[in-house]
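Participant: Work out the full structure, taking the sequences as your base and the hints as a guide.
Protein chains in written order, with the working numbering: chain A, 26 to 1065; chain B, 564 to 804; chain C, 299 to 416; chain D, 3 to 303.
Hints in this document: simulated from the structure, not taken from any laboratory. Where hints are given, some of them may not hold.
Said to hold, decoys possible - EDC-like mimics (lysine to aspartate or glutamate), calculated; alpha carbons at most 16 Å apart, straight line:
(1) A:LYS178 / C:GLU413
(2) A:LYS603 / A:ASP742
(3) C:LYS415 / A:ASP177
To be verified - Some chain B residues judged to face chain A by a derived CB distance under 8 Å, without partners named:
(4) SER576
(5) MET580
(6) ALA596
(7) PRO700
Since the model is a prediction, treat every value here as computed from it, not as a measurement. Virtual Cβ for every residue (Gly too), placed ideally from N, Cα, C.
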Amino acid sequence: MVSALSFIALPLGTAFTLGLLPQGMQRVNYLLTLLALALLSLIAASWLLAFAAGEIATQQIFTAGTTPPFSINLQIGMAEAAGLLLLNLTGLLSVIYLRDTLHQQGARAMAVLLIFIMALSGIVLTRDLFNLFVFIELTTIATGGLILLSHDKRALGAGFKYLVATQIISITLLIGTIFLYHDSGTLNIDGMAAGGLITGESLALFLVLIALILELKPFPANGWALDIYESAHPAFSAILSAAAATAALFAVDRLLLVGSNSWLPLATAVGVVSFVGANLLALVQRNDRRILGYSSIAQMGLLLVVVGQRDILGESYLFIAGGILLAHAIAKAGLFWLSGIIVARDLSDWRALQRNPLYIFAFATFIAMLVGLPPFPGFYAKWDLVHLLAAHDRIALLLALLFASLLEALFLFRWFGYVIKGEANPEGIICARNKLGVIAAATVAAWGVAYLWGEMALQGNLLYSIPLLAALAFLLLEWLAVPYKNVLAISVLLGWFVVNYADYNPLQLIFAVIILVGGPLILLSSFYARGRRIGFYPATMLMFAGMAQLIVAKSSFDFFAAWEILTIGSYYLILRGKASEPHAISYIIFSLGGAFLMLTGFALAAAGDLNFLLSNLSEVAPAVAPWVFLLLAIGFMTKTAAIGVHIWLPGAHAEAESDVSPMLSGILLKAGLFGLMVLMLEMGRQSLYGVDLTHVMLWIGALSALLGNLMAAFQEDAKRLLAYSSIAQLGYALFGLALMNHLGWLLALMFVINHFIYKSMLFLSVGGVAKRTGTRLMYRMGGLITLMPLSFIAVLIGIIAVSGVPPLSGFGGRWIFYNAIMTAEYRLPLIIIFLAGPIAFLYLFRLIHTIFLGQLKDEHRQLREAPFWMILPQMIFVACLMVFALVPGLALKRVDHYLLQYFPEGGLSWDGLTITSHFGYWSPISIMVIVGVIFMTLFAWLLFVNRRAQKVKQFNIVFAAERPFRPETTHFAWNFFAPYRKALGFLTEPLVTRFWDAIGEALHSLAELLRRFYNGNGQTYSVHLLAFVVITFLLARGVS
Amino acid sequence: MIKRFLVLLLVLSMGVMFSQLLVGYSPDRQLNATAHYYATQTASETGAANIVSAIIVTYRGLDTLGEVTVLFLAAAIVGMVLSAKQGGQSPTSASEAERQLPPYPPVGELLATGTQLLVPLILMFGAYVIVNGHLTPGGGFQGGAILASGMLLLLLSDPLRTIGHRLISVVESFSGLAFVLLGILGLLLAGGFLDNKILPLGTFGSLFSAGAIPVIYIFIGLKVGAEFSSMLLNLAKTEER
Amino acid sequence: MAYIALATGFLLILIGLYGALTHSHILRMIVAFTVANTGVNLVLVGVGYMGGRTAPILDKAVEVSAAAQRIIDPLPQALVLTAIVIGLGVTALMLTYAYRLYVTRGTLDISRYTELKW
Amino acid sequence: MQFDWMQIPYSLLTLFIVLNYGMLLNALIAKIAARVGRRHGIPIWQNYADLLKNYGIRSSITHGVMFYLGPVFRLAGGVGLLLFVPTIFGSEMFSNLSFAGDLILALYFVFFGTLGMALGAGESGHPHAAIGVSRGLSQVTTAELPFALAVFAVALQYQTLSVTDIVAAQQGGFLNWTLFTNPFAVAAAMLGFLGSMMRPPFDVVLAPQEIPIGPPTEYHSSYLALMQTNRMIFPIAKIVVYMNLFFGGAASWPVFFIKVFFIYMVSVLVGVVFPRFHVEQSVRWFLVWAVPFGIIAVLMV
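Facilitator: As structure tokens, then:
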């Protein structure tokens, strides 16, 4: 092992050597610098490997031939080695990135950079308090120099503000240091901690700690740091964010050892304020680098919380802190590097990345990593952190963290949305090979640590999951044309189904069929697409991978990971739509919000067990069980878009592409239902403060059904109409589940199947029509029946099925529904469900009438039928619907039987053609035959008496004493249910939307107000800093 | 006004905190363990009579290395910042422009003669302070500063004197490198990084004693002198006429 | 004695801070910080001071064997040297910045450098 | 109950009886309404004449497939509804095709014809058709609600969804009728009944059609004939459901005739007394006056 001192000696030696070389040898200088950093990275890597392999234990390095505390000593362990690797690698990559700038600035700049990295390494290594101070000052001065690498004139002012602030910090640090020395008789940090002379009340310790914490730039005493992030060279910002903050964190972590952990709450408090505050203020930022600065501060806050909570984290401490730290460092450095190739500074200028999908991939990787999505380390870390916090009853902290994470996700995903959507400026990006190489390296590193953390995780590596790998493999296949990829996607899904078929239980099987057989069916329609359709297949397959994993998940971790994966996939899918950006963001926010509630729920249930089995949900302690139930249920209901958390759905479904909407509506929404089923099967009824939570769900289901239907009736946009209808349909399903009886569940499953079939079909038909007509507004269509007869048939069959009119399969659902409610003990919500029922006719009739019937518009006269590949799956769905209508037992019989083990009472009996319940009976085939015979007889009779009917032209009608001549004025379509709106329109007041908008508005206003705090004056920033010290002190004293 | 009041309030609060420190402070009666070790072991371990020097160069040599680096950094950055102003301008044209400027007012006789007289003395004194750092108060930093004051005098007497930037930078870098190498030698030959026992400890109290301390101090002195000089030179260029 | 040194040191720090936070001219701020730094150095030295003892230099006046009883704590003295040098480095840097700011911005008023904010 | 081929002729017989009864009853009702308005009214056989004439007309036009199928849907709905419900209690002959499904089937099959009709009319391209449908659907949402609640209350009361079983439970004296055992349900249902019979004050649905040129605007000749046929059957079929659920059913044809007549008369009596509501008015009216009865009924069972 090369001595750890080389981390100090080698860069210093190199820095001094650079001065020896004659001027004008920039290339040699540069190569030397590179070589030194590369060598250091190698050394760090070799240390890390040795530690990881368990070959060596933590090592002390003494200097001056004397033992501490009389001389300075260094210590290197696993964490330090990892930190050093991070620092030096970041340095190396930044140097590569900075090639041109460094050539221009000369040897001095390279020396400063080397010393900066050296000083950071020193901070990580040293165990001597004063030595720590020296290294910190070195970083300060080096920062002062490196800020000037920027071409931005404003950097100078920022640098000065920074120097002023650090003066105050160093005064505080020095005063604290000397008094700590006086009190303990040593400068060795371990000595102070072990000596026991320093108590938690020590003011000197407080001063040292607060100074170190200030080095982490906590909110709100961090104005100077933000200015640097904004104006410095991005490569330097990358080092500052990824490496310098890391080093400071090591220092804080070390100092907290002194005073027997009594200042941990301080770290936690400062951390949580930073995490929440910085994320909040980032909401209203438009400058990319400043937003990254805010995010850096937020991440440091989170890490400070982790450090502050290390007393309960135990063995997972390093895993958690390391996961979050690495995720932050790699992602942030990557983003800063990316920002260096973008010409302009507004978030929307990043659209220039659209030029190459690889840029987008890198960007997406970094964003996902920052948010902590699977399979990145932040995900594992967050999981463990939340579980341990919950196990130790630190719920308030947990919620604050999750709230702030949500804010973070909001601005990051909004940014992502800007980038994906909108017109890119082709001039907006400068590509240099070295910069791209660095960014690529960061991307590779991101996936590397993702793999690594998966390997270390107790719960197993997500990257070993075959569906996920298959989805990721599609990233590599992006160069293929659509037909090949589509064939591949379909066969992968079907193949996975065939392979796993035998392992599904009947409940899972229903979902598996919908996902893995239904999915390919919808994918058939994707054959119509031309070109490569970049981004579509990975996202789709990611969603399917998540769904496929979800239904077989055994542990809460697997479940949650699958949930997140399907959320990401569907988010990208939604984002692909034309004007879908605002809806995608609201989708991801609601989804993540729901996911965080789920996470909390799982964590509460697990009580510290990091690998909690779903089947143990039934054994959760009674005190927390209702809360677990509540949190999980709300989490799942965000996905089923129950009323209250539904506002993401209409836009998302409406704006999505023609073949995406059916997947979202038909398949994605079922994830929430599946979750609810698992939850309710395991936990049964729960009541909170005497309120049976299933009763609450009955109300939510009923209200979803009613309001979903009502709102659907008032839509002008066909896809929105269908989207609202989905809310209502899932409301029924939710209602069925909440009935908690055999038939209720059968009802829910019936709706799962039915809704999949008819909603996929309707979305496809409407999508095809919208594709041909170029609009989704129904009043601008009309009379398309003759031009698009097959689409019409699909819609006709669809609406008959949705409405529940016999003889199609919707009626089966209604029949089971009535039988199920016969045994319901709680009847009030039923009234609402009854009211909701007939409203379905309103929107269904409107859908078919205003599109296909009435007056054909002049501009549509030349339209052709929808593309073959869109019609084909519709026709298959029609067939499915007919089959399911005739023999529902095909799908339901086994489930009915399976449900008996959970709800032994009230099953159906399936003898012959008739299905019999305790209350009534129903014979689908008889109904179909009877209706068919009557219908055909009458049809034949009409044909007989009216065989020479004469086809007339479109305007061969008279009304209001005129023969009309314009289809627009003759097509009664817009505001179709005006009188109804007069009567019941008040129910569709967008109260929920307004509520969420108001919350969003309030957050943004608050952020807008708070950020005035950073008035740009360096002196004010110093006042902030001093005030931060004083106030923290007063609060700390007040508390203790 | 409100701001001043606020600042006053904050400063007073800091004062309260400091007063708490002051109240809690009681001077030691006995040396604490660390200091006691230095008092009793320095002589035998390092052979230096000046305990402070022993601490600076050996026990806390890493600090000192950092310290030297601070100066190196400061000098480098000052150079960077001040050279940055020329931007695209080539150095020759800059010096040409400088020549065309009106000359400085003549330096007084007193200063000119005094400089000639004093500079050698100052340099010698500096050297003395440096090499005796392990015996008497003084050492590389102090001596280096004295050396630089000679440079200051030179600059004052003849602002246009072209002092070899290159030379200064070579001295600076070379001594820094030597410091690091000596440190590494300690790692290889003796007990650890910057251990002074790589050279014989010699007779306690004599000039050639205390192992590598005087050698290191010489390099520190050279380095500090060079760094201060380079800072002075750079800052001198900023003077406006 | 030590108390007076400490108190003076603290007072200097406070004066320095007050000055740095109320004067918006950056040269004055730099001077104020120098004052504060001096205060810090004074505190550093003051903490190591022990009444009735002598400097930590071993010579005929202080024999090695009696050193532990005769000399004051040498460590703060070593530290203060480092602190002074570092302070010097920072001050030099700040002065350089001040110069560059003046050249590029034509003002030395810190409240004018507010183009980066919010 | 299982299917038996004999049920087909018996069902046709039921259909024939009800059709004729419907023709006469409708004419009678029209006459009564006219007399209330001091008019003479139509002859009792007028419906037969109309039907024959319309079936006989040979000139006919069509706007398209759905237009053609609309009346078929309509009449199929009426006939189906009639046949899915047992007409005469205790009679194997006249239990029709009720083996195919229970009460829920009848409840939902009501919409079959309505939907088809609406679609057919829609294809004519005549805006009045769409306006009428819009009004009709709006009104039906709340008009059906009290009825649905009442049905649910009754089903709960008798713990069955089978029409036959419900009727059976009401046998043994008129005090066993739901009318007396569960008056709130019946009140709710009868108020809903007013709305579904397309008579004043809830007949605004038909209004756009009556202004220019008559029933469903564009329908004429044999289409109209099919619809008129349905007009004769459908109200009766519907009333049969009410009769079975609330008024003890009918054990024989005479009882059937009488009960149907009186139930029909309820809507007629209300119709001749009250003026016409706007759609939004009727929507509110049902919610305010009829639904509470339904809620009470459901909660009290």
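Participant: Each hint should be assessed against the structure and marked as holding or not.
Facilitator: Cross-check of the supplied hints:
About 10 Å separates the Cα atoms of LYS178 (chain A) and GLU413 (chain C), which keeps this hinted pair within 16 Å; it holds. A distance of roughly 15 Å separates the Cα atoms of LYS603 (chain A) and ASP742 (chain A); the hinted pair therefore holds under the 16 Å criterion. Only pairs whose Cα atoms come within 16 Å are accepted, and LYS415 (chain C) paired with ASP177 (chain A) is accepted, the gap being roughly 15 Å. Taken as an interface hint, SER576 (chain B) checks out: its beta carbon lies about 4 Å from the nearest beta carbon of chain A, inside 8 Å.
Because the closest C-beta pair between MET580 (chain B) and chain A is about 6 Å apart, less than 8 Å, the hint holds. Given the 8 Å rule on beta carbons, the hint for ALA596 (chain B) holds: about 5 Å separates it from the nearest Cβ of chain A. Evaluation of the PRO700 (chain B) hint against chain A yields a violated restraint, the C-beta minimum of about 21 Å exceeding 8 Å.
When the structure is compared with the earlier hints, a violation turns up for hint 7 alone.
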